[in-house]
Amino acid sequence: MTVLSVAPAEPHDIGVVAVLDDDVGQAKAVEFQLQDVGVETIVVNLDEVPTLDRAIDWITHKVNAVICDVQLSHLHSGVSYNGAELMSSVIGDCKIPGVLTTGFKDDVGMWVRPHRHRIPVLISRDETEEPEVLVDGVEACRVEIAKGRGPDRETHRVPLYIEKAGITEVGVALDARVGGWSRKASMRFPAVMLDERYADLDAALAITGQVFFARVNLGAQHETDLFFEDPEPELVDPTELSLHFDAEIA
Amino acid sequence: MTAELHVIDVGHGNCAVVTGVDWTLMVDAGASAAVIQTIEYLGLDRLDAIAISHRDLDHARGLVPLLSRRDLEIGAIYVGADAAKNPSAPETANLLVALADAKRNGRCLVSRDLDDTFNSETLSGGGVSVEVLAPSFELAMTGPKGKSSTGSTISSNSVSAVLRVTLSNGRRVLLPGDLDGVGLAELLGRGADLSADVLVFPHHGSLSTVADERAFAAEVVEAVGASTVLFSVGRSAKARPTEEVMRGVFDANPKAEIACTQMSSGCLEADAELPDRLAHLTKLPAAGRAGCRSCAGSMTIGDLGIEGPNVATYQEYIGVVAKTPMCRTVRP
Chain A
1 MTVLSVAPAE
11 PHDIGVVAVL
21 DDDVGQAKAV
31 EFQLQDVGVE
41 TIVVNLDEVP
51 TLDRAIDWIT
61 HKVNAVICDV
71 QLSHLHSGVS
81 YNGAELMSSV
91 IGDCKIPGVL
101 TTGFKDDVGM
111 WVRPHRHRIP
121 VLISRDETEE
131 PEVLVDGVEA
141 CRVEIAKGRG
151 PDRETHRVPL
161 YIEKAGITEV
171 GVALDARVGG
181 WSRKASMRFP
191 AVMLDERYAD
201 LDAALAITGQ
211 VFFARVNLGA
221 QHETDLFFED
231 PEPELVDPTE
241 LSLHFDAEIA
Chain B
1001 MTAELHVIDV
1011 GHGNCAVVTG
1021 VDWTLMVDAG
1031 ASAAVIQTIE
1041 YLGLDRLDAI
1051 AISHRDLDHA
1061 RGLVPLLSRR
1071 DLEIGAIYVG
1081 ADAAKNPSAP
1091 ETANLLVALA
1101 DAKRNGRCLV
1111 SRDLDDTFNS
1121 ETLSGGGVSV
1131 EVLAPSFELA
1141 MTGPKGKSST
1151 GSTISSNSVS
1161 AVLRVTLSNG
1171 RRVLLPGDLD
1181 GVGLAELLGR
1191 GADLSADVLV
1201 FPHHGSLSTV
1211 ADERAFAAEV
1221 VEAVGASTVL
1231 FSVGRSAKAR
1241 PTEEVMRGVF
1251 DANPKAEIAC
1261 TQMSSGCLEA
1271 DAELPDRLAH
1281 LTKLPAAGRA
1291 GCRSCAGSMT
1301 IGDLGIEGPN
1311 VATYQEYIGV
1321 VAKTPMCRTV
1331 RP
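Just so you know, the protein sequences line up as chains A and B, in that order.
If you read the first sequence in this note's numbering, its first letter stands for residue 1, the second for the next number, and so on.
If you read the second sequence in this note's numbering, its first letter stands for residue 1001, the second for the next number, and so on.
Hints were generated in silico from the structure; no laboratory data involved.
Heads up, a few of these hints could be off.
Some chain B residues judged to face chain A by a derived CB distance under 7 angstroms, without partners named [claimed, not checked]: (1) SER1068; (2) PRO1090; (3) ALA1093; (4) LEU1096; (5) VAL1097; (6) ALA1098; (7) ALA1100; (8) ALA1102; (9) ASN1105; (10) GLY1106; (11) THR1329; (12) VAL1330.
Glycine included, each C-beta is placed from N, C-alpha and C at the ideal position.
Use the sequences and the hints to build the structure in full.
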């Protein structure tokens, strides 16, 4: 890994911020917002960082923090990675704080979920219009890097009921209901997060209605904040646990 | 330390935490983060027992996050079997699997044995006595979807465990879960003593399965003889408690003290604006604190009776906020 050549930022000073987005207009808008509150920014030319390694190398040499959109290749075909992959490495490996942004809630399940455990702050594109949200997000990420996860990101071992399987443009998706999470919503994630074999839709469909255990951040406020880790490969069929059930009254 | 019973505001559902000397019991675990927050607030690292009145999710779903906390020791969970629950429904599936996992991996004892033949000493401790008054062994053995001795269909609510908790100061609290007409008839038919000082009213003050809610409420309150009636309710479009139930409570005891965990839409319309702060609540976690949906919020029953919310500020709050406070307008 490249050695940092930029001095660590002072507390409450987020330093120089890189902005990455395949929508240049949106990147400029974020730049203006941050400049309004006195933050120095650099909008990254994606042509200069076509690969994940090049992007990480660039970031570690030039900036103290990163604001990055999930979509980096939708409008710019020369980029071989997405924003969630990049931020996972930048935050998790390089310990550089940052905020991931998204204009599409649908991107969260399949693109962001595999990396959400290493990305403390995800905000919507609308929220980027508030520079304080961006600055506070960077600070929150810095705190997690320094001190570990807060209560809303602590994980607990719970059952997850696989409600649906389906195909998306980026592969097979599973929707699971998280046991013990206080809101009645499903969590979407790539089926391969559970096991590579579920990249096959038929294999994934065959496990709907079954339950697996994983560690989930039950303190998450919204579905977009949920993530899981350490999924256990054993699946349990709950119908085998209740011998006296009569389906007709379901 | 004296024994206390905390009625937690979990929204629509139930949860009570009973703390004695080096001993803690939870009765029901509603689906709210307030359950875990209460454990943390009270500084508990062990629940000696958890008794789930019946398997409805607003009483049992909170078991899953409790079991997930490895830093929380759990002695035993008592929860009845229920053939009326669909194991393919996501929340029920997760609950069943979590319970099976806990039992098979030795996390804690998980027992379906919770009826009137249950050895009450098992749930008692720390200066607190707990009796299981219902369901009867016979009703529990038949179970939901079966027929009672009078030919009525038994529902999940009919087999609700009815627990009477007697604190070290002698104060008695009746926790009847979602007891319905079938369960009540069975209890009264065998002459069971239901007497208690405080009643947490069954089924959140709304009983769509009984023909006459008012008569049911009066019958329950008269049988219990409670001077205080609490309602564990969520703030939703459907008013809980219903006005008919409230009338029945006052039919039996015109002087009954009343408190609801959250503001009933029967007292203030569901879409009405709420205040931005609730000064009268106790410090106990309450699901209705966020959004200021609580009325009395979480309450503690201890040496001094109902301890908190602050009575004066609470009464003032009701007078200012509730348009038609049933605890006043319905009172004869």
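The hints, checked one at a time:
1. SER1068: 4 angstroms, holds
2. PRO1090: Holds, because the Cβ-Cβ distance from PRO1090 of chain B to chain A comes to roughly 4 angstroms (cut-off 7 angstroms).
3. ALA1093: For ALA1093 of chain B, the interface hint holds, since the closest Cβ of chain A sits about 4 angstroms away, which is under 7 angstroms.
4. LEU1096: Constraint on LEU1096 of chain B satisfied, holds at 5 angstroms.
5. VAL1097: 4 angstroms, holds
6. ALA1098: Holds. Min distance 5 angstroms.
7. ALA1100: 5 angstroms, holds
8. ALA1102: 11 angstroms, violated
9. ASN1105: Nearest chain A Cβ about 10 angstroms off; hint violated.
10. GLY1106: It is violated, given that the least Cβ distance between GLY1106 of chain B and chain A is near 14 angstroms, above 7 angstroms.
11. THR1329: 33 angstroms, violated
12. VAL1330: 32 angstroms, violated
Hint check: violations occur at hints 8, 9, 10, 11 and 12; the rest are consistent with the structure.
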